[in-house]
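Novice: From first to last, the protein sequence lines stand for chains A and B.
The letter at position 69 of the first sequence is residue 69 when you use our numbering, and the numbering goes up by one with no holes.
Each number in our numbering corresponds to the 1-based position in the second sequence with 1000 added.
Source of the hints: derived by calculation from the structure; they are not laboratory data.
Source: prediction; values computed, not measured.
One or more of the hints may lead you astray.
With beta-carbon atoms standing in for the labels, derived distance ranges [claimed, not checked]:
no., chain 1, residue 1, chain 2, residue 2, range
1, B, Lys1046, A, Gly284, 49 to 55 angstroms
2, A, Trp228, B, Asn1028, 51 to 57 angstroms
3, A, Lys360, B, Glu1057, 18 to 24 angstroms
4, B, Gly1009, A, Leu149, 29 to 35 angstroms
Here are the computed lysine-lysine pairs in the BS3-like style, where the Cα-Cα straight-line distance is at most 27 angstroms [what the hints assert, rightly or not]:
no., chain 1, residue 1, chain 2, residue 2
5, B, Lys1058, A, Lys4
6, B, Lys1040, A, Lys5
7, B, Lys1040, A, Lys360
8, B, Lys1058, A, Lys5
9, A, Lys71, B, Lys1058
10, A, Lys252, B, Lys1072
11, B, Lys1035, A, Lys2
12, B, Lys1058, B, Lys1018
13, B, Lys1041, A, Lys71
14, B, Lys1073, A, Lys252
15, B, Lys1060, B, Lys1041
In silico negatives: residues of chain B with every beta carbon more than 10 angstroms from chain A [claimed, not checked]:
no., residue
16, Val1029
17, Ala1031
18, Ile1039
19, Ser1062
20, Arg1064
Cβ atoms here follow ideal geometry from the backbone N, Cα and C, with glycine treated the same way.
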Amino acid sequence: MKEKKILLILIAVFLAAYFIPFSKAGVQNALMEAFLLLQEYARQHVIFCLVPAFFIAGAISVFVSQASVMKYFGPKANKFLSYSVASISGTILAVCSCTVLPLFAGIYTRGAGIGPATAFLYSGPAINVLAIIMTAKVLGYKLGLARALGAIAFSVIIGLIMNAIFGRKRNKELEENGFDAGTTVPETRPLWKTALYFAAMVGILVIINWSKGDPSITAWSFIYRIKWYIGGALGLALAWMLVKWFTKTELKEWTFSTWIFAKQIFPLLLGGVLVSGFLLGRPGHEGIIPSRWIAGLVGGNSLWANLFSSVSGAFMYFATLTEVPILQGLLGSGMGQGPALALLLAGPALSLPSMLVIGKIMGTRKTLVYILLVVIMATLTGLIYGAIVQ
Amino acid sequence: MEIRILGPGCPRCGEVEKRTMNALIELNVAADIQKVSDIKKIMEYKIMATPGLAINEKVKCSGRIPSPEEIKKWIREEL
């Protein structure tokens, strides 16, 4: 199988090299846009945003116990807790996007109610901590916040609807079997220490990215002027915590986990940036695809624009974080804010391959209902958000 | 000894596999190691999250990358 893949790649590269009209000005321009966008990312987003985000992601995957979160997913757990935990647990449990489907399979077969399980299935990729951070940084805090809130709200709503439709039969089967959340690794650190540690890292991330903002808002500008002092202080606090509360092995595991994420995700992001730059150009510039087409298809805030966005998002596969440069390109080429949010909510959560896997786990009927719910909610939320920000 | 690494193929599962092989070499133990990537087969092991490590059909660890010492301990348990 691997040899065939290599052959196909070689053929594809050859055909591209042979046929792409590199002498045309439009193509040359698009290529420049790809690299200019890449430079923009390298200069503006990597050091202060992406790197701290990787460290946070690494910390979550090493220091946060999954089982302590999972015990809220059983059918007997308090409903309100179940759904709230399921909807935000994606941040904690699914830092690596590849874990989402096996995790969903695990909690589904282990006896989680279908409501919390699908809430998690949706929220996992949708509020991936790296993605929210990058969305806020690159596409703006409004869209980042809308994405996070939308994803959380959605996952609860989708979970509740799935439970309403499919819940009764399933919960009866589960009452017999009970729910096993897995074994907990003994905590080597009280919760408040872990919380402070994360607060310090998130604080550093937020403060070093504090933008100039509107000079007339005095509180904001004040913070901006002393941001490096605040950052430095938080950095010292973090260093003290690391020395006092963590063993050398733990720190090694943390850096190692961070490195695994960086190795896996950074190349994908750069690839996504190059592709987005080539196809759509930087905001305010043209890529290979004329802006008119984008503005025509998904500009403004019509029902069609939002629907088209969510459906394409549902089927398209977005490698982790690649939705950020692609959306940046689309927004720069004329996509409306509403359809952009629709794409953010439907895109990362679903793709054609993942639909097939979910089908194998839940069965075709539940999967189709799930997909339909995602598309409808993404469209609606896009419409509402687009109307609000207009 | 039969060892199964459960995971869809992301680098974390690869790391579990690497650590397991190193552990086997250090302990001088022979085992049949296989990677299980098919989601239905992974579900049969009833683990919560990948990566997962099973020795002689007993799940020793799931949802995290175990340390080399832990892996050696589990291998010794199953000798």
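Novice: Take the hints in turn and mark each one as holding or not.
Specialist: Quick rundown of the hints versus the structure:
1. Lys1046(B) with Gly284(A): 49 to 55 angstroms: For Lys1046(B) and Gly284(A) the Cβ distance comes to about 53 angstroms; the hint holds.
2. Trp228(A) with Asn1028(B): 51 to 57 angstroms: Holds: the Cβ-Cβ distance is about 54 angstroms, inside 51 to 57 angstroms.
3. Lys360(A) with Glu1057(B): 18 to 24 angstroms: 22 angstroms, holds
4. Gly1009(B) with Leu149(A): 29 to 35 angstroms: With a Cβ separation near 33 angstroms, Gly1009(B) and Leu149(A) satisfy 29 to 35 angstroms, so the hint holds.
5. Lys1058(B) with Lys4(A): 36 angstroms, violated
6. Lys1040(B) with Lys5(A): 25 angstroms, holds
7. Lys1040(B) with Lys360(A): This hinted pair holds, its Cα atoms lying about 7 angstroms apart.
8. Lys1058(B) with Lys5(A): 35 angstroms, violated
9. Lys71(A) with Lys1058(B): Status holds; Cα separation ~22 angstroms.
10. Lys252(A) with Lys1072(B): Answer holds: Lys252(A) to Lys1072(B) is near 19 angstroms, not above 27 angstroms.
11. Lys1035(B) with Lys2(A): 16 angstroms, holds
12. Lys1058(B) with Lys1018(B): Holds - the C-alpha atoms of Lys1018(B) and Lys1058(B) are around 19 angstroms apart, at most 27 angstroms.
13. Lys1041(B) with Lys71(A): Holds: Lys1041(B) and Lys71(A) sit about 24 angstroms apart, inside 27 angstroms.
14. Lys1073(B) with Lys252(A): 20 angstroms, holds
15. Lys1060(B) with Lys1041(B): 17 angstroms, holds
16. Val1029: 24 angstroms, holds
17. Ala1031: 23 angstroms, holds
18. Ile1039: 6 angstroms, violated
19. Ser1062: For Ser1062(B), whose nearest Cβ neighbour in chain A is about 7 angstroms away, the distance does not exceed 10 angstroms, so it is violated.
20. Arg1064: Contrary to the label, Arg1064(B) does not stay out of reach of chain A, its closest Cβ about 7 angstroms off (not over 10 angstroms).
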